[in-house]
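Chemist: Here is what each chain is made of, one letter per residue.
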Amino acid sequence: MIRYGLRRILALIPVALGVATLTFAIIHLVPGDPVTAMLGETAAPTDVVEMRRQLGLDRPLLEQYVAYLGGLAVGDLGESISYRKPVVRLIAERFPATIELAAAGMLVALLLAFPLGLIAGANPGGAGDIGAMGFAIVGISVPHIYLGPLLMILFSLDLRWLPLTGRGGIAHLVLPSVTLGTALAAILARMLRQSLIRVRESDYMRTALSKGLSPRSALFRHGLKNALTSVVTIIGLQMGALLSGTLIIEMIFSWPGIGRLLITAIGARDYPVVEGCVLTFAMTYVVVNLATDLVYAMIDPRVRIS
Amino acid sequence: MRTRKTTAWLRLVQVAAALVALTGCGHNRVESSPGTIQVDIETSPTSTDPRFGTDAMSSRINELIFDSLVKPDRNGQFVERLAQSIEHPSPTRAVYHLNHGVRFSDGRELTARDVLFTYNSIRAPESMSPKRASLEELKSIEAPDDYTVVITVAHPYAPAVEIATEGIVPVGTPLPAGGSGAAPVGSGPFKMVTYSRDEFLRLERNPYYPHPPGAAQSILFKIVPDPTVRALELAEGVCDLSPNNIQFDVLPWLSADQSLEISSTPGSTYRYLSFNFRNPQLRDIRVRRAIAYAIDRNTIVSSVLRGTGRIATGMLAPESWAYDGNVTTYSYDPEKARQLLDQAGYPAGKDGMRRLRFEFKTTPEGARDGEIFQAMLQRVGIELTIRKLEFATYYADIQAGNFDLTSLQWVGITDPNQYFRIFDSNKTPPHGENRGYYSNPEMDRLVEAGKTTVDTEARKKIYAEVQRLAADDLPYVSLWWVDNVAVMNRRLVGFEAYPNGSLRSLATLTLIGPDGGEPSQ
Numbered sequence: 001m002i003r004y005g006l007r008r009i010l011a012l013i014p015v016a017l018g019v020a021t022l023t024f025a026i027i028h029l030v031p032g033d034p035v036t037a038m039l040g041e042t043a044a045p046t047d048v049v050e051m052r053r054q055l056g057l058d059r060p061l062l063e064q065y066v067a068y069l070g071g072l073a074v075g076d077l078g079e080s081i082s083y084r085k086p087v088v089r090l091i092a093e094r095f096p097a098t099i100e101l102a103a104a105g106m107l108v109a110l111l112l113a114f115p116l117g118l119i120a121g122a123n124p125g126g127a128g129d130i131g132a133m134g135f136a137i138v139g140i141s142v143p144h145i146y147l148g149p150l151l152m153i154l155f156s157l158d159l160r161w162l163p164l165t166g167r168g169g170i171a172h173l174v175l176p177s178v179t180l181g182t183a184l185a186a187i188l189a190r191m192l193r194q195s196l197i198r199v200r201e202s203d204y205m206r207t208a209l210s211k212g213l214s215p216r217s218a219l220f221r222h223g224l225k226n227a228l229t230s231v232v233t234i235i236g237l238q239m240g241a242l243l244s245g246t247l248i249i250e251m252i253f254s255w256p257g258i259g260r261l262l263i264t265a266i267g268a269r270d271y272p273v274v275e276g277c278v279l280t281f282a283m284t285y286v287v288v289n290l291a292t293d294l295v296y297a298m299i300d301p302r303v304r305i306s
Numbered sequence: 307m308r309t310r311k312t313t314a315w316l317r318l319v320q321v322a323a324a325l326v327a328l329t330g331c332g333h334n335r336v337e338s339s340p341g342t343i344q345v346d347i348e349t350s351p352t353s354t355d356p357r358f359g360t361d362a363m364s365s366r367i368n369e370l371i372f373d374s375l376v377k378p379d380r381n382g383q384f385v386e387r388l389a390q391s392i393e394h395p396s397p398t399r400a401v402y403h404l405n406h407g408v409r410f411s412d413g414r415e416l417t418a419r420d421v422l423f424t425y426n427s428i429r430a431p432e433s434m435s436p437k438r439a440s441l442e443e444l445k446s447i448e449a450p451d452d453y454t455v456v457i458t459v460a461h462p463y464a465p466a467v468e469i470a471t472e473g474i475v476p477v478g479t480p481l482p483a484g485g486s487g488a489a490p491v492g493s494g495p496f497k498m499v500t501y502s503r504d505e506f507l508r509l510e511r512n513p514y515y516p517h518p519p520g521a522a523q524s525i526l527f528k529i530v531p532d533p534t535v536r537a538l539e540l541a542e543g544v545c546d547l548s549p550n551n552i553q554f555d556v557l558p559w560l561s562a563d564q565s566l567e568i569s570s571t572p573g574s575t576y577r578y579l580s581f582n583f584r585n586p587q588l589r590d591i592r593v594r595r596a597i598a599y600a601i602d603r604n605t606i607v608s609s610v611l612r613g614t615g616r617i618a619t620g621m622l623a624p625e626s627w628a629y630d631g632n633v634t635t636y637s638y639d640p641e642k643a644r645q646l647l648d649q650a651g652y653p654a655g656k657d658g659m660r661r662l663r664f665e666f667k668t669t670p671e672g673a674r675d676g677e678i679f680q681a682m683l684q685r686v687g688i689e690l691t692i693r694k695l696e697f698a699t700y701y702a703d704i705q706a707g708n709f710d711l712t713s714l715q716w717v718g719i720t721d722p723n724q725y726f727r728i729f730d731s732n733k734t735p736p737h738g739e740n741r742g743y744y745s746n747p748e749m750d751r752l753v754e755a756g757k758t759t760v761d762t763e764a765r766k767k768i769y770a771e772v773q774r775l776a777a778d779d780l781p782y783v784s785l786w787w788v789d790n791v792a793v794m795n796r797r798l799v800g801f802e803a804y805p806n807g808s809l810r811s812l813a814t815l816t817l818i819g820p821d822g823g824e825p826s827q
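Note that the protein sequences, when read in sequence, are chains A and B. Under my numbering, the first residue of the first sequence carries the number 1, and numbering increases by one thereafter. Under my numbering, the first residue of the second sequence carries the number 307, and numbering increases by one thereafter.
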């Protein structure tokens, strides 16, 4: 298990390298220039040249790339062009906010998906199933950009229960996390339902029923555990959607995370910040998937890690 | 068995909950307090140091914290601020006599040494300030005594007074180490106490600045990027003022709210359609005029803008001292447009279309305008393809002159010398903002004369000619002047809109109701 974990961690290096290279290439290839973004069109040409030199943007791209990788190897993501602060510090300041939002979104998704999936899977075709899956379809179909303001109107404006925007206590977290988690909840609930329906037809379920267990306890004792494995895999894979969802949610709810940092940095062509944020998102995704694989092995004895 | 099967799910829930709890600790909250006005803005200022911030948001906030020698008034005329009086011993020299007893928010007295320091720190090559270029006409600045500043320019330069609009910082203020630090001290009505970039910034009264009784204690600028959310914050009463950043579509909804007031006042922001003269078809004046006649600006202003604009005759709005509206205008006339295109040698085909196809570059936000122009031009047989680009890419293309047609706006124009920057044939990319490569020797002569003539009446005549020529020659199609639309809570009293969008009246606003301001100091 430990060896497996170490091997998987080592495998993160080529992934990081790939992400870093791709991000570097894309952001440098698109038109736009951080110096013009900062100094404006009317800047004196000598100032533009001098600033490009100071920022190292006058060096050949390959040289910049090698320097970037060199910094990366020692955990230095460079200095932000517009904030004039180390990128690592900028990300460290904002990453907790994004993780808080993503984790809360996940929590909402799990808390919604579990009962809904169970209700739907326990009695397919029944009223509970139709209701739960109706919710799931709505949940998947409504985009964040629409759901967010809708929840704000209802819970902040009309009912006055929750604050509209910003980061603060738990109350501030409710609306953004519900907006973020609803689509994932819908996907997970459908997945759990499907899995439950699938396991109901298995031999061991038939055995359980024939030895006298009630359908409900057969489902809870034997079915649910087996159904969970595929859901856990989906959770890992959906982490990407959840993280990219934070980009929009952070803009809507004025949430000070790295999603907003990234969007602002793209506008300013702040290369080091864009590269650092994308790398952080990608690495979070990969690490969550690794964690999912380990959890998967724990709950499914058929999977042997070696 | 039962314990184990639910463990995985529970564990996931626990992990997620623990992460939420862990990351939620120790975070600064944005909180409003009594006597505070909350203003929602769409982006962070790029710099809180007046020597660096050039974007509109930085200028709006910095002018509340820093004072300059002179300031433009509502009509774009420069009036004394820190200066008590101005003398002009020669066309290239201006002597500013400073007021005595002006203090920075830390109690220090503002003297000519601070003024000198501010200008020198911008001009120093190592400053890398984007404002360096705007001071290139400045030959020297001297402080013969603590209350006198002498500004000398190299040549007679009409807009020289613009040089005197830089916000003053105290001697020794270091160059900004980071774009996210709180502002240095200034002598304006407010001081900055907290700045959390991309979240909020808080200003409090400068205790040394004379405030009217009942003026607000502090201002909380909250950065809310989403326009719908800004509207919701107004409706909820969290936000007191949203200046020029509410979508027109939601104005009717907000106007139904009893607690809100919508102030719509004439603005000087100029929206235009720009042609690229490197495209040979657009170099034909008949094609440009046809396009001008084909655009139904009245309909756009009344429907899309919901009436919050005025049809423009040129770059300068009627409030400007140099405005002259006696120019050629192009009211909607598709028939005339078709005739002009026929004369230009582009007959309509069977489907009504002509051999005229242009690319309109825009941003996702500008796409709707693009579609409207596309439909209107199609009626006269011109095909417009819309190229939607993310803002930085779009702007890089426009600055490099890579477009056929585009629509942009000029914000905060005070001096007509802007015509020199945008229409002089030497100011094409990368040397200036003549992005459409417009070139007309007559225009060159006029804008040069306007720049070097110091006498105001003579300048006024020159710019009247410039405005006539621009309307005849059509380097731009003038679209509209954008109104300043501020939505505010009725508890704010005394908000005064400025045509250039300045928020200066925040210094004198009072609050009524339970949260009202405390007596001034």
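No wet-lab data here; the hints were simulated from the structure. Some clues are possibly wrong.
[What the hints assert, rightly or not] Once the Cα atoms are required to be at most 20 Å apart in a straight line, the calculated EDC-like pairs of lysine to aspartate or glutamate come out as: (1) LYS642(B) / ASP590(B); (2) LYS733(B) / ASP761(B); (3) LYS694(B) / ASP657(B); (4) LYS85(A) / GLU771(B); (5) LYS225(A) / GLU201(A); (6) LYS733(B) / ASP47(A); (7) LYS85(A) / GLU432(B); (8) LYS225(A) / ASP158(A); (9) LYS767(B) / GLU748(B); (10) LYS642(B) / ASP504(B); (11) LYS445(B) / ASP47(A); (12) LYS694(B) / ASP33(A).
[Stated by the list, open to error] Reference listing, derived: stretches of chain B covered by chain A, where coverage requires no fewer than 3 residues with Cβ under 8 Å from a Cβ of chain A: (13) 388 to 398; (14) 432 to 443; (15) 539 to 551; (16) 593 to 603.
Positions of the beta carbon are idealized from the N, C-alpha and C atoms, including for glycine.
Chemist: For each hint, tell me whether it holds in the structure or not.
Modeler: The hints, checked one at a time:
no.: 1; hint: LYS642(B) / ASP590(B); verdict: holds (16 Å)
no.: 2; hint: LYS733(B) / ASP761(B); verdict: violated (25 Å)
no.: 3; hint: LYS694(B) / ASP657(B); verdict: violated (26 Å)
no.: 4; hint: LYS85(A) / GLU771(B); verdict: violated (49 Å)
no.: 5; hint: LYS225(A) / GLU201(A); verdict: holds (14 Å)
no.: 6; hint: LYS733(B) / ASP47(A); verdict: holds (17 Å)
no.: 7; hint: LYS85(A) / GLU432(B); verdict: holds (18 Å)
no.: 8; hint: LYS225(A) / ASP158(A); verdict: violated (42 Å)
no.: 9; hint: LYS767(B) / GLU748(B); verdict: holds (15 Å)
no.: 10; hint: LYS642(B) / ASP504(B); verdict: violated (50 Å)
no.: 11; hint: LYS445(B) / ASP47(A); verdict: holds (18 Å)
no.: 12; hint: LYS694(B) / ASP33(A); verdict: holds (19 Å)
no.: 13; hint: 388 to 398; verdict: violated (count 0)
no.: 14; hint: 432 to 443; verdict: holds (count 6)
no.: 15; hint: 539 to 551; verdict: holds (count 4)
no.: 16; hint: 593 to 603; verdict: violated (count 0)
When each numbered hint is compared with the structure, violations occur for hints 2, 3, 4, 8, 10, 13 and 16.
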